[in-house]
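S.K.: Here's the letter readout for the chains.
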Amino acid sequence: MTVMNMIQALNSAHDVMMARDSNVVALGEDIGFFGGVFRVTEGLQRKYGRTRTFDTPISENGIVATAIGMAAYGLRPVAEIQFADYIYPAFDQIVSEAARLRYRTAGEFTLPLTIRSPYGGGIFGGQTHSQSPEGLFAHVAGLKTVIPSNPYDAKGLLIAAIEDEDPVLFFEPKRIYNGPFDGFFDRPVTPWAKHPKAEVPDGHYAIPLGKAAIVREGEAVTILAYGTMVHVALATIEAEGVDAELIDLRTIVPVDIETIEQSVKKTGRCVIVHEATRTAGFGAELSALVQERCFHHLEAPVQRATGFDTPYPHSLEWAYFPGPIRIGTAIRKALED
Amino acid sequence: MTVMNMIQALNSAHDVMMARDSNVVALGEDIGFFGGVFRVTEGLQRKYGRTRTFDTPISENGIVATAIGMAAYGLRPVAEIQFADYIYPAFDQIVSEAARLRYRTAGEFTLPLTIRSPYGGGIFGGQTHSQSPEGLFAHVAGLKTVIPSNPYDAKGLLIAAIEDEDPVLFFEPKRIYNGPFDGFFDRPVTPWAKHPKAEVPDGHYAIPLGKAAIVREGEAVTILAYGTMVHVALATIEAEGVDAELIDLRTIVPVDIETIEQSVKKTGRCVIVHEATRTAGFGAELSALVQERCFHHLEAPVQRATGFDTPYPHSLEWAYFPGPIRIGTAIRKALED
Amino acid sequence: MSKGPERPNRPALSLHVPEPNARPGDAVDFSDIVIPQAGSVRRPDPHAPAAETHDLVATLVRVLDEDGAAVGPWDPKLDPDSLRRILRDMLLVRIYDDRMYRAQRQGKTSFYMKSTGEEAVAVAGAHALASDDMTFPTYRQQGILVARDYPLVTMMCQVYSNRGDPLAGRQLPIMYSSKAHGFFTISGNLATQVPQAVGWAMASAIKGDSRIAAAYIGDGSTAEGDFHAACTFAGVYRAPVILNVVNNQWAISSFSGIAGAELTTFAARAVGYGIAGLRVDGNDALAVYAATRWAADRARANLGPTLIEMFTYRVEGHSTSDDPSVYRPQNAGAEWPLGDPIQRLKQHLLRLGLWDEERHKALETELAETVRSAQKEAEKLGTLVTSTIDFPQDVRTMFEDVYAEMPWHIREQQAQMVAELEAKRK
Amino acid sequence: MSKGPERPNRPALSLHVPEPNARPGDAVDFSDIVIPQAGSVRRPDPHAPAAETHDLVATLVRVLDEDGAAVGPWDPKLDPDSLRRILRDMLLVRIYDDRMYRAQRQGKTSFYMKSTGEEAVAVAGAHALASDDMTFPTYRQQGILVARDYPLVTMMCQVYSNRGDPLAGRQLPIMYSSKAHGFFTISGNLATQVPQAVGWAMASAIKGDSRIAAAYIGDGSTAEGDFHAACTFAGVYRAPVILNVVNNQWAISSFSGIAGAELTTFAARAVGYGIAGLRVDGNDALAVYAATRWAADRARANLGPTLIEMFTYRVEGHSTSDDPSVYRPQNAGAEWPLGDPIQRLKQHLLRLGLWDEERHKALETELAETVRSAQKEAEKLGTLVTSTIDFPQDVRTMFEDVYAEMPWHIREQQAQMVAELEAKRK
Ligand SMILES: Cc1ncc(C[n+]2csc(CCOP(=O)(O)OP(=O)(O)O)c2C)c(N)n1
Ligand SMILES: Cc1ncc(C[n+]2csc(CCOP(=O)(O)OP(=O)(O)O)c2C)c(N)n1
Ligand SMILES: [Mg+2]
Ligand SMILES: [Mg+2]
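Chains as they are written, first to last, in this note's numbering: chain A, -15 to 321; chain B, -15 to 321; chain C, 134 to 559; chain D, 134 to 559.
To be clear, the hints were calculated from the coordinates, so they are not data collected in a lab. Errors might be hidden in some of the hints.
Under the rule of at most 25 Å between Cα atoms (straight-line distance), these lysine-lysine pairs were calculated in the BS3-like manner [unchecked claim]: (1) B/Lys317 to B/Lys249; (2) A/Lys249 to A/Lys195; (3) B/Lys181 to B/Lys249; (4) B/Lys317 to A/Lys317; (5) B/Lys317 to C/Lys559; (6) B/Lys250 to B/Lys317; (7) A/Lys181 to A/Lys249; (8) A/Lys317 to B/Lys250; (9) C/Lys494 to C/Lys479; (10) C/Lys210 to C/Lys479; (11) B/Lys195 to B/Lys249; (12) A/Lys250 to B/Lys195; (13) A/Lys250 to A/Lys317; (14) A/Lys250 to A/Lys195; (15) A/Lys195 to A/Lys181; (16) A/Lys317 to D/Lys559; (17) A/Lys249 to B/Lys317; (18) B/Lys317 to C/Lys479; (19) D/Lys509 to A/Lys317.
Estimated spans, in silico, between C-beta atoms of each pair [as the list claims (entries may be wrong)]: (20) A/Phe279 to C/Ala548: 52 to 58 Å; (21) B/Phe169 to C/Ala548: 21 to 27 Å; (22) C/Ala467 to D/Ser264: 52 to 58 Å; (23) C/Arg175 to D/Ser264: 16 to 22 Å; (24) C/Ile168 to D/Ala191: 26 to 32 Å; (25) C/Ala160 to B/Tyr189: 41 to 47 Å.
Here are some, though not all, of the chain D residues that point toward chain A, as calculated from beta-carbon distances under 7 Å [said to hold, decoys possible]: (26) Ile391; (27) Ala394; (28) Pro525; (29) Phe532; (30) Gln546.
Ideal placement from N, C-alpha and C gives every residue a C-beta, glycine not left out.
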């Protein structure tokens, strides 16, 4: 056990897997000698050599396309997209190729490919360093999408993603790389050190994909969140003093429907939280699933507390960010009538 | 008034707009001398010259990127993506550039850009000639997404799209280019000639974006559909003999929420139909909106009848396609309890 | 917007839109095609610096001359059996194409694409590679499967999407896949396979393997960003890969000028990336073989990629959905000055006395029979069903292979589909 | 997977991963940089066929020699005022950069990027264009705005995202936009602006306008598919556009070898596309001016695009978020053999007797004062607020300009936001 922040935990996941399996390679912009702009791959090139951790040209398309070729060969590539906002040049290779390779070859070619990328706001990165594109990938059959919310999960889920036989999009909430963020931007930031989930085993362990975690049990309302929003939701629950059940989805596709259903059938109320723009975001799918499966248990409409349907504005970051007020309002609405 | 199929109506929309406004230009793969693989731009190059209707290199990315530059200059480009399945190489230019240009320049640069593309299945085109990607674009703020279901709407909506000051994705249901398709693939196909909406004015007219059409009034259940599915839904309603209200959304972003709300508050039941894969599709957003805004009027869970969460398989096309049985089952579920 | 006239000192600009030199009704005009003498182009050492190949991108590597003699430094000097095998494979591909084209016209499947006139590119290229080298083809390299003895019946089953289709009827006809034959699954999305081939080659190098990759892409598709990524990554990491640009001068209805051919050759792209480049007469099986072998030797020596432009001509329509007579002169294909790859290799064999008209006739009859009986076999397993629910595949298979393990939501959908079918059957 | 050893006859492959010749701790090594004599490179007629420029892609167009003399056919022979103006603009950019860099360090904004050492590329290039030609810059061409007299205060307001920011605080600092100054909105997504510039130029040609476009892209970004689309479309339609590749040899921590510079120059890409290409000493303001003017004349004559590699060096870190000392030798920038663009132009002016140290000092003081007072002005309108809700902009503006007209769902969200703010204020 070592106390790690998310960056260290993710680095450790790479390290463990590269040591165990010589087919695991890492590629991406600035990830080699430098160790990545967020330092997630720091030290890997020195330890495993330049042909297992290397810089790529600035072509997200090329990164994913060559990684697909590597995976088709038999490697387990871990590709970094420097910011999720820059994943779109690779969109065709991800949705037309990676997502369909197993299907179109009836299992002859498979893709144990992991695509990592920091996502989300909270660092004043402006429109192109703050996006949350997970909802787009959730719509594409053949992809799995994973989003951790703490160091322990980050390592265990990344190891599971690398070991998975299918392409996994692994989005890392960059705002909480160095410490949990509760959404109260006017309060001092706390480091991970103080957080129980910062206790990370040094060796190998995997957290199964598709399994949510119940962060807080409660009876009054179910709150579905992932990534940074798990911490913001928890802080809001405490601030509002409601007996909410908070579920950290961890994997959004395939989503852990059992855990969701059980909880909502218990509480009869549900609030969905994500940072991505609202319209046609993954929250819409969650809302649809909940009302389809728990309709007769619902006592109030399922609420969504999300980013707005605008780009992420630089100076109004905190107005855009779904903070405690937006979430609190949604919770109160869900508790009405 | 002339009887037109959808291809002729779309061609007429181009013709009318190119004659009225010298800033309207059309570009895309094979659209020039040849007139496009579906012949939508037939005759335009002969009539308006090679610099206003021209073939492009096979680069969807380049088509959209150069069209953005043309629109920023002051033209009104109409770009064709040969099949919606091939729009992904242009995804970055659409979501990162076209969608945000007005916003990031506070209105200094604007994009009167229309991106047309045939979408959907029903022609045995296999996985890469059958997709329905509209849900992906619905999640991106700054884009409008339009999907006509008949020749009259096709022309009026395309003219409105070209005249719109913002980027519009205009998806054309290729299965009904030449005739409405009711989903009964084992019955003979009917041509547009027999359909009232095939009566198309020869001149200029626009159908406002963001306005749905009530195709059939009814009291028992509200059915939301667009594109090919409007016809399949209608045939299903008749086959099932239910008094359903059928709404053709026509524009999915911005969606006509008033029409939807009024109808569902009247019927208390709702079925959403689309051909796209189910998870995180636009149907999820519709389901979420309906239950958020009509919760206390709903007598049964909102149902979705959609394509499955798999690629579109070639030989099992009709098993994938959401036909009368799938829609009928959803309607019956919506009418239960 | 300010226009030219307002600035008399600055001339008005105008846009250039490339246009082919002949349209329907015009006489075919290949007068602009420059054809160097067979044997006239030098052959650099495969280990030479890339720059030493850069004068070759503006010419054409040719071995077979007008009389069918193999001349010059690029003559691969193949033994009689290899020559006859290549001839036989090309002939088989052509007969197969004709047959399947007709099958589509007879309504037995939805779609088909021929490689008529381009058989040498796939067949001779495949024979110049090791049998375990990995190829990343487009839909016009069915010749690779034939050269690697992939069962004809299985190919047909894929075209028919029938019970014998190893791809479970999921792919459009001609989108074959066979890992065992080093034939990467064909994608409906153009160009995507090229950077994938580079990645595969990089992986082979990372693992200290000795297999190389060969990618194929059409002239029109070189405009895609994937092609740029492929050339960039292949050069930077010196990937052991051959990048074949099959320039058949058409992309559906667009001539190669729309892809940039008015400006330079496609082989010249190699100069821009600083990698080795060759331009080859793609209708000359021996030139194709020699150039491919040259590039393979180079790749195996860890000297990196070679971009080869295979200069050929799309003799027929783009696909069964296309009618070229509406955008180019009727008989364009027949008049292609570099001739027909099968005729040219046949002429070579005749000239060497390794072949005669009788044997050729006999071979044609034999292959026609092979194809006919293969078709019978294949059709026993069904043809494409489009207007009934007697699907060739069990509908449950539709939900398999989306993921290694079927997640709950797809399992639910599978159950729903089965129920639907029962409803429909009643 | 089969490995090399299993096939003794085929050697094991290995992957080449480019690595710079010096890392932190090593001595800076620029010995591999080949620098031709100033004035030694011929100047083709701007109307010459593209091919006549292709020997120029492997050399460097240079005008200013070691003693500050302007020599050779590329000497643009600028008048004294123009020379002094370019010197002044470059100096202003550098002082502005230093000031804003410090402002970021003082917490007045979130981010900043300098163009230190690259001032000539933007400034001299802009002066060689017509004032109404459209530029499509990256974040390192703030010099264009300075050359076109864009108000410093407004630039700073953008950097501060304050009430004076014409972009309403929506964009990251340095992502300026000014249609009036022919400065296209900078995108956070690399390379996207290059094919957009080509489209803008195509539109200008379609309309018979006389304005041309000039796009800028970094060496690292040339790997993006957008760059390929730009070169392809520009060539095919002979678009009146200048494609500037600003090769400062670094892309954050990656040296240009990762972008392909081990293999050939970036200018050589022009050869691959069959368009005109030039390679220019980017730290030589006169060479930059002359090459840009050459390309502009060519474009105005409807002869199409020119790809210009501006060979320079990123003297400082990538941005305020970067510390280059962890991936390259400390003093790399200072030792760049092609010197500093400001010093070199100053030396030229001194040599011509058009300038002296006193005037230079005076200019520096004047510009420093200009920048200081502009900063005061700008800061009156606020600096970036990150930890309170006293937002510089009215939150309602966040919902404007997503569309020309605000749709219902965004209006509802706007109302919700206003309510949230009231709640927060209590
Ligand atoms: C990304 C993408 N865009 C467009 C298409 C439609 N399309 C299929 S084949 C083709 C022409 C390809 O021409 P070329 O690359 O020259 O290959 P050829 O058919 O001549 O062998 C086009 C445009 C596609 N399949 N994929
Ligand atoms: C599409 C995209 N990918 C990655 C990034 C992250 N990024 C920002 S600048 C940069 C390096 C660019 O280097 P270069 O093109 O050489 O320009 P320079 O910074 O040297 O001027 C990278 C990788 C981005 N902004 N956009
Ligand atoms: Mg072609
Ligand atoms: Mg750079």
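S.K.: For each hint, tell me whether it holds in the structure or not.
M.R.: Now for the hints, and whether the structure bears them out:
1. Using a Cα cut-off of 25 Å, the hinted pair B/Lys317 and B/Lys249 holds, with the two alpha carbons roughly 18 Å apart.
2. Annotation: proposed proximity of A/Lys249 to A/Lys195 holds, straight-line Cα distance about 18 Å (limit 25 Å).
3. Annotation: proposed proximity of B/Lys181 to B/Lys249 is violated, straight-line Cα distance about 28 Å (limit 25 Å).
4. A distance of roughly 28 Å separates the Cα atoms of B/Lys317 and A/Lys317; the hinted pair therefore is violated under the 25 Å criterion.
5. Between B/Lys317 and C/Lys559, the direct Cα distance comes to roughly 19 Å. Compliance with the 25 Å bound is thereby established for this hinted pair.
6. Pair hint B/Lys250 plus B/Lys317 holds up; C-alpha atoms about 18 Å apart against a cutoff of 25 Å.
7. Under the criterion of a C-alpha separation no larger than 25 Å, the hint pairing A/Lys181 with A/Lys249 is inconsistent with the structure, at around 28 Å.
8. A distance of roughly 24 Å separates the Cα atoms of A/Lys317 and B/Lys250; the hinted pair therefore holds under the 25 Å criterion.
9. With a C-alpha separation of about 11 Å, the suggested pair C/Lys494 and C/Lys479 falls inside the 25 Å cut-off, and the hint holds.
10. Restraint check for C/Lys210 and C/Lys479: the C-alpha separation of about 16 Å stays at or below 25 Å, so the hint holds.
11. Straight-line distance between C-alpha atoms of B/Lys195 and B/Lys249 comes to about 18 Å, which keeps the hinted pair within the 25 Å bound.
12. Annotation: proposed proximity of A/Lys250 to B/Lys195 is violated, straight-line Cα distance about 39 Å (limit 25 Å).
13. Of the supplied pair hints, the one linking A/Lys250 and A/Lys317 holds, its CA atoms being roughly 18 Å apart against a limit of 25 Å.
14. The straight-line distance between the Cα atoms of A/Lys250 and A/Lys195 is roughly 19 Å, inside the 25 Å bound, and the hint therefore holds.
15. Note on A/Lys195 and A/Lys181: the hinted pairing holds, with a Cα-Cα distance of about 17 Å set against a maximum of 25 Å.
16. Restraint check for A/Lys317 and D/Lys559: the C-alpha separation of about 19 Å stays at or below 25 Å, so the hint holds.
17. Proposed proximity of A/Lys249 and B/Lys317 is supported: the alpha carbons are some 20 Å apart, at most 25 Å.
18. Proximity of B/Lys317 to C/Lys479 is assessed by CA-CA distance (about 68 Å); at most 25 Å being required, the pair is judged violated.
19. With a C-alpha separation of about 47 Å, the suggested pair D/Lys509 and A/Lys317 falls outside the 25 Å cut-off, and the hint is violated.
20. Separation of A/Phe279 from C/Ala548 is about 20 Å and departs from the stated range, judged on CB atoms against 52 to 58 Å.
21. Range check, B/Phe169 to C/Ala548: Cβ separation about 23 Å, and the 21 to 27 Å hint holds.
22. A C-beta distance of roughly 57 Å is found between C/Ala467 and D/Ser264, which places it inside the suggested range of 52 to 58 Å.
23. In this structure, C/Arg175 and D/Ser264 break the distance hint of 16 to 22 Å, their C-beta atoms being roughly 52 Å apart.
24. One distance hint, 26 to 32 Å for the beta-carbon pair C/Ile168 and D/Ala191, holds here, with the actual separation near 30 Å.
25. For C/Ala160 and B/Tyr189, the Cβ-Cβ distance of about 45 Å falls inside the hinted range of 41 to 47 Å, so the restraint holds.
26. For D/Ile391, the shortest C-beta to C-beta distance to chain A is roughly 5 Å, which falls under 7 Å, so the interface hint holds.
27. About 11 Å separates the beta-carbon of D/Ala394 from the nearest beta-carbon of chain A, more than 7 Å, and the hint is not met.
28. Hint on D/Pro525 holds. Least Cβ distance to chain A is approximately 5 Å, under the 7 Å limit.
29. Taking 7 Å as the C-beta contact cut-off toward chain A, the hint placing D/Phe532 at the interface holds, the least distance being around 6 Å.
30. A least Cβ separation of about 5 Å between D/Gln546 and chain A falls short of the 7 Å threshold, and the interface hint therefore holds.
In terms of the numbered hints stated before, the structure departs from hints 3, 4, 7, 12, 18, 19, 20, 23 and 27, listed from lowest to highest.
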